[in-house]
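So the protein lines, in turn, are chains X and A.
At position 284 of the first sequence the residue is numbered 284 (UniProt numbering), and the sequence of numbers has no breaks.
At position 331 of the second sequence the residue is numbered 331 (UniProt numbering), and the sequence of numbers has no breaks.
Calculated from the structure, these hints are not laboratory results.
Be aware that a few hints might be false.
As a list, the in silico DSS-like pairs of lysine-lysine whose alpha-carbon atoms are at most 30 Å apart [stated by the list, open to error]:
(1) Lys33(A) - Lys220(A)
(2) Lys338(A) - Lys222(A)
(3) Lys87(X) - Lys33(A)
(4) Lys82(A) - Lys68(A)
(5) Lys33(A) - Lys72(X)
(6) Lys30(X) - Lys367(X)
(7) Lys72(X) - Lys222(A)
(8) Lys87(X) - Lys72(X)
(9) Lys87(X) - Lys82(A)
(10) Lys417(A) - Lys328(A)
(11) Lys33(A) - Lys68(A)
(12) Lys87(X) - Lys328(A)
(13) Lys87(X) - Lys34(A)
(14) Lys414(X) - Lys130(A)
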Amino acid sequence: MSVVTVQLGQCGNQVAHELLDVVWSDAQKKPSRAASCERFFHHNTHGELVARAVLIDMEPKVINQSLSRAAKCGRWRYGEDSHFSQKQGSGNNWANGYCVHGPRHRDVVEELVRREVERCDRLAGLLAMMSVAGGTGSGVGAYVTQCLRDIYPTSFILNHLTWPYRTGEVIVQNYNSVLTLAHLYQLSDAILVHENDTAHRICSQLLNIKHISFSDVNKVIAHQLGSVLQPALTADSHGVYSRNPLGELVSALACHPEYKLLSMCTIPQMPSSSIAYSTFSWPGLLKHLRQMLISNTKMEEGIDWQVRPPAGSGRSTSLTGSSFNTSLANLLILRGKDVYSAETGGFEDPALYTSWLSSKEAFSLWKSPVSFNKYEKSATLVSNSQALLSPLDDMVGKAWNMFASRAYIHQYMKYGISEEDFLDSFTSLEQVISSYRQLC
Amino acid sequence: MTQSVVVQVGQCGNQVGCRFWDLALREHAHVNKKGLYDEALSSFFRNVDSRKSAGGACGVGGRIQHLKARAVLVDMEEGVVKEILQGPLREVFDSAQLLTDVSGSGNNWAVGHMTYGSAYREQIVDKLRKAAEHCDCLQCFFLIHSMGGGTGSGLGTSVLSLLEEEFPDVCRIVTSIYPSAEDDVITSPYNSILAMRELTEHADCVLPVENQSLVDIVNKIKIMSHSAKPGSVIKRDSTVISGQGGLSGPEKPFDAMNNIVANLLLNITSSARFEGSLNMDLNEIAMNLVPFPRLHYLVPSLTPLYTLADVSVPTRRLDQMFSDAFSKDHQLIRADPKHSLYLACALMVRGNVQVSDLRRNIERLRPSLPFVSWNQEGWKTSLCSVPPVGHSHSLLALANNTCVKPTFMELRERFTKLYRKKAHLHHYLHVEGMEQSFFSEAIDSLSSLIEEYHQLDATKARLIPDAPRLSIAT
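If we strip away everything but chain X, and leave its shape as in the complex, we get (with noise of 0.2 Å):
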């Protein structure tokens, strides 16, 4: 049941770091310490808790700085030779990570999983943690997913996605995205995206935090990875933390080969200073995390409580003057206080859910009567639903103007991706959008 880290590129890197800060943090005086900590960390000769992590970049600078700062904080580190840099970089270009760095480190890249993956008593799957603008994580990242599903065939491998800010961190962002996530779809066994813009609004709107820097951003992801991945009672686990928590989560939520992407919220979120003052309770938190899932609202505030759910011989395809978000199955994890009291039965209302599963095959729930990070309770629900669709559909339109005019594609071709690469990526993502677009 531990969950082996590959961190790709600078975002990669950065995420993870904050995700390990969290979940160590988050375990430490708690029952599920133990079990926490087996999940994500081994301990070394020395008696240190070392991350199961590898480390993967083409510059040297993000990964020695993260090395430093683990080894600094005296809690947790990262292994001596987890890690693996080259000096260039990807320079921003996907099929520079994907034809000429992923190819030439394969075997490098190979052996550090694997000495991992064997360190393991259980594993309990790969979580491959990148970004999709940039050309290391992206691009390479796409590749070294290809070579562990070839080795790991049998494995639960999990992506996680960050995906940039829409006004432009990186020009050619909407082309490296595009061809991740058409590569990546056949490949991982499920999405789970954070978009930065998400988690930025998060950071001002309701954590108040004036100077936002990519740190605070980073630590809203973790936070919500984290309160997915540490341990909890699922409807399979008989009374025990779950041995297989990405196994469930898989088969909970990507049940169908076209419907692999994952969103996630998580609430309450609040600056800390303010936790001691709110009280919170279960009908309240599920009351607004359903109509978020309704209203497609990615954080607890301005939501839309206008929308509701269409009647049920009502169904259509058509999307004018509805802006209801259909869900294809939901994951509901529940952390806190009297979490057995909680009442969700608004979950299972079929009437969120689209027609061809029933409701209850579509809900699922896990528990820990544990708290998370400070908070007395959380709720954290991750979605495979329409919810990502319209930046999806922003993403490949933006790119797919940029193609129509050649621009950026010699860059491209000069390491060995054709216009006809491009074409097929299109091909996969439009039908991927079609698919969500017709959930009904």
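On the provided structure of chain X, position chain A as indicated by the hints.
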């Protein structure tokens, strides 16, 4: 960490280069408190211990012994290089890195490119190879030269095509100083146009800089520092033109202008050398800012030009820095990018600036900047945590913008004025290897480049509909 090699050609190239090395040493001295030869230093300097055998190269992590610049200095007359070697920077250069001749190129592109280009080819390749071999991982060649003269323009572009041939995988970023209209070299239009063709064909990106803009900026700063407004005292060492604190003594003429260009180069490489929350390597510059291979002219602008001595820096000042980067007073060529079309734009921020400040300013400025239809959010950003000397933060903007078109058109006009009368043409045609067709091909190359920019400009006013998407059979 990657290394870069600076190749400085001609009088202007060497003078700017000299300022660059001075400021680079100053910057590293400011940041590197322990005297250790770290990765950041190694990107531009070698660490040599002359007591050790076999050339004495020391690896990263040890103490600094002698720093040698990763540079190749080329000039066809001895004056400038000799001056450098007699000045305080003499320790930084090895005699093996220099190539000089005595007679100069007589402001004649053909002499520089053809005569010296072929005569010194072997030697130049040799010196470049040596510099490259000293590098663990060579990422980029920076070529510094002027366009108006003979050596920088002619021999410089010959070196450029050499770099492409011998080191095809290494990025070539060229800083070209364009002559102003009142240039005292009569044949500067010929030299510039002949060199432009080479730049369009062989460079990965070009950072054009106009002398006139540098003069304007220097004057602006001088006015600011002499004005008697209370509270407007400029902080010491903080101007983009100041070279105080470096090795050289009192400033010489042109030093102020050359410092600006030197600062440009320092800021471009800052994110590759120092850490930050959003890094940007040099190969990412070409990747993001060059959508079509020939349109690689990136207009630079630097802010702030100076820092006032107020200790408190309210957020309004930070926003002002972003606004200034797009104003025509801060561009390093005489152009107004706000009224032309942006193909792509890079913002390289240094110092204590967070991603929220960056995003706020992009959102604020975006509506007033016209971007090409297929790149509406064409921003490339980077955050480096180490600020430049004397400032708490700074911004370098590189714009791939059609505002270079008027500059090129003006250059073409000056060329045509001379060429129509065949003035001074015989000086060029006398040189062995030079033919009239070079002129006509060069002007054709420039015309087609101008035409490409023109086509893009034409799309500015029109509302371009989105390309129809692929439709999936359901």
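Right, here's what the structure says about each hint:
1. Lys33(A) - Lys220(A): It is violated: about 34 Å lies between the C-alpha atoms, which goes past 30 Å.
2. Lys338(A) - Lys222(A): holds, 26 Å
3. Lys87(X) - Lys33(A): holds, 24 Å
4. Lys82(A) - Lys68(A): holds, 17 Å
5. Lys33(A) - Lys72(X): The given pair, whose Cα atoms are some 21 Å apart, holds under the 30 Å limit.
6. Lys30(X) - Lys367(X): The hint holds at about 15 Å.
7. Lys72(X) - Lys222(A): Violated. Lysine 72(X) to lysine 222(A) sits at ~48 Å, over the 30 Å cutoff.
8. Lys87(X) - Lys72(X): holds, 24 Å
9. Lys87(X) - Lys82(A): violated, 36 Å
10. Lys417(A) - Lys328(A): Given pair lysine 417(A), lysine 328(A) holds - Cα atoms ~28 Å apart, limit 30 Å.
11. Lys33(A) - Lys68(A): holds, 19 Å
12. Lys87(X) - Lys328(A): violated, 37 Å
13. Lys87(X) - Lys34(A): Status holds; Cα separation ~24 Å.
14. Lys414(X) - Lys130(A): holds, 27 Å
In this structure, the earlier hints numbered 1, 7, 9 and 12 are contradicted, and the remaining ones agree with it.
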